[in-house]
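Chains A and B, in that order, give the protein sequences.
Position 115 of the first sequence, counting from 1, maps to 114 under numbering that gives the first Met the number 0, and the rest follow consecutively.
Position 89 of the second sequence, counting from 1, maps to 88 under numbering that gives the first Met the number 0, and the rest follow consecutively.
If you are wondering where the hints come from, they were derived from the structure by calculation, not from laboratory data.
All figures in this text were calculated on a predicted structure; none of them were measured in a lab.
A hint or two may mislead.
[Said to hold, decoys possible] Here are the simulated SDA-like cross-link-like pairs (lysine to any residue), alpha carbons at most 25 angstroms apart as the crow flies:
id, chain 1, residue 1, chain 2, residue 2
1, B, K74, A, R79
2, A, K136, A, D197
3, B, K266, A, P104
4, A, K202, A, G187
5, B, K266, A, P100
6, A, K222, B, L31
7, B, K291, A, F82
8, A, K222, B, D33
9, B, K110, A, R79
10, A, K222, A, F154
11, B, K277, A, P100
12, A, K202, A, P212
13, A, K86, B, Q292
14, B, K110, A, Y133
15, B, K266, A, H102
16, B, K266, B, G188
17, B, K110, A, P212
18, B, K266, A, R109
19, A, K136, B, M159
20, B, K291, A, N97
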Amino acid sequence: MSSHGSLFDIMGPIMIGPSSSHTAGAVRLGLLARNVANVPIRQVTFTLYNSFAKTYQGHGTDRGLLAGILGIGVDDESIRDVFERVKETPLEYSFIPNEAPNHYPPNTVRFDMILENGNPLLVIGHSIGGGKVYISKINEYNVHLRGEYPTLVMFYQDQPGMIWKVTQIIAEYNINIASLNCTRKEKGNEAFMAICLDSLLPKPAVEAIRNIPCVYSVCNVDKIPS
Amino acid sequence: MIQFTQFRDLLAYCQQEPCSVGEAALRYEESLGDRSREEILAGARGLLEQMRSTIESGLFCEDKSLSGLSGGFSKKVMDFQNSPQAFMSPLEHRMIAYALATLEENSRMRKIVACPTAGGSGVVPGVLVALWQEKDLPMERLEKALLAAGLVGEIVSHRMYLSGAAAGCQAEVGVATGMAAAAIVEAVGGTPEQTLNATAIALKNTIGLVCDPVAGLVEVPCVKRNGIAGIHASAAATMALADIVSFVPLDEVVDAMVQVGQMMSPKLKESAEGGLAKTDTAVAFTEQLRQKQQNPPCRD
Ligand code: SF4
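Could you put the whole structure together from the sequences, leaning on the hints where they help?
Below is the structure:
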């Protein structure tokens, strides 16, 4: 459930039908997964769960997910013809409806991607109504990412001073932090930090953060249009 | 920041200022800090224009949806207006036809405004665009009416996810009907009490509405349900404007909706496993469709 959000989230988005959670939500999940990848995607397998698995063709969930991966927005009429559009790109894709019982929320998709550089990337995301979405997993890490702000997501070994080092770098680039959230499994173990920013971090800043000792992984995820 | 956690906070604010629900909605959005007052009104106008343009392109279009289940209904209602058997007013015909036109465009995978979702996207545009054309209301009134509808949806969304999968159709077309009832009262200049009463009266009559779409598509019963909902909202708004008060206050009505949503079987929450979706006709149609779509699109 949301609280105190913009009225334009309730009346909106302007979108291609037929379903805000199954079509627009699917597009936005595709866009968000694309932003997590941040480099061209060579191959993607979409595994669909629960209500996504049951109605994905009739609701254009398949078209929506693919459109999002290609960077096509929720209000772009070419979503309808995306199976034609994708032929002009080198992207390989497949859909697997998985109707086995699971603990995921109603509208869930798992993206198994191979990126241009050959690296695999796993993203699991959920569509929660009205076109709103969030991502709950990136590779083996649990996250909560909604795509409302440009966000720096990082995984590192828990240790004193990490927040200071990171925010120091962000400050050097004069970028404002909207919110900062960190969690860890246990003291001294692996920790996760998500920093929502007013604008996307430039590449050199991301590199500098990646080079901090004991940082395992950094994703610089741009926001998706609301 | 202005915060309305419950409808009673909103009502207290409107009485104290005093201001209408639409004005309170405008100030709420302004207090989020992302847009100025002028930008918010312009944003609302932009949505109204998109709603009108969706209606215009759908109204006389006879193309069928991808599944073939819907298409051409709005034209039938517009044509029927001229029949000697027509008994409703031109405004009411438009409300019905406009909502149908929007949902038909939605099933054709064309552009709509989710309000609050795509499944309920015909109701608010149906009433507001019809009022806009038939009643010659000032633009700012309509913009504020739309914002009032948005605020109603926003406050409900604190307590329930607005999706058929989460709480049945009461959370989609149901909430849209409550939003539309508020929009009508705001548009014709009712008081904040009347606005929230209209929503309460409308929602009490959509409570428990299940989501049982044939073949899981947003078409049957959704398209025609949107066509009905504008009239439903109008009746609620008329009662409220006549100073009929909802016995159960709006916040409690929403609590009841949440509770009913929790009690509702998952088979009646968009999974197409019960209700209309399991009728003989629906099952046979679903099977046909499955055969047509047998091979999921795939390329490797
Ligand atoms: S019946 Fe279900 S799919 Fe149809 S509008 Fe209502 S909630 Fe949406």
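Task: Satisfaction of hint between Q292 of chain B and K86 of chain A, Cα-Cα up to 25 angstroms - done: holds (20 angstroms)
- [ ] Measure nothing beyond the straight line between the CA atoms of K110 of chain B and R79 of chain A; if it is 25 angstroms or shorter, mark the hint as holding.
- [x] holds (11 angstroms)
- [ ] Could you grab the alpha-carbon distance between K266 of chain B and P100 of chain A and see if it respects the 25 angstroms cut-off?
- [x] holds (15 angstroms)
- [ ] Take a quick look at whether K202 of chain A and P212 of chain A sit within 25 angstroms of each other, Cα to Cα.
- [x] holds (18 angstroms)
Open item on the list: Run the distance test for K291 of chain B versus F82 of chain A: straight-line Cα separation, threshold 25 angstroms.
Closed with: holds (17 angstroms)
Open item on the list: Can you confirm whether the C-alpha distance between K202 of chain A and G187 of chain A stays at or below 25 angstroms?
Closed with: violated (29 angstroms)
- [ ] Would you mind confirming whether the straight-line C-alpha gap from K222 of chain A to L31 of chain B stays at or under 25 angstroms?
- [x] Within the cut-off at roughly 18 angstroms; holds.
TODO: Please work out if K266 of chain B and P104 of chain A have their alpha carbons no farther apart than 25 angstroms.
DONE: At roughly 15 angstroms apart (the allowed maximum being 25 angstroms), P104 of chain A and K266 of chain B satisfy the hint.
Task: 25 angstroms limit on alpha-carbon distance, applied to hinted pair K110 of chain B and Y133 of chain A - done: Measuring from Cα to Cα gives roughly 23 angstroms; hence the hint holds.
- [ ] Take a quick look at whether K222 of chain A and D33 of chain B sit within 25 angstroms of each other, Cα to Cα.
- [x] holds (16 angstroms)
Open item on the list: Holds or violated: K266 of chain B and G188 of chain B, Cα atoms, limit 25 angstroms.
Closed with: violated (42 angstroms)
- [ ] Mind checking the alpha carbons of K136 of chain A and D197 of chain A for me, to see if they're no more than 25 angstroms apart?
- [x] The hint holds at about 23 angstroms.
Checked against the numbered hints above, the structure breaks hints 4, 16, 17 and satisfies the rest.
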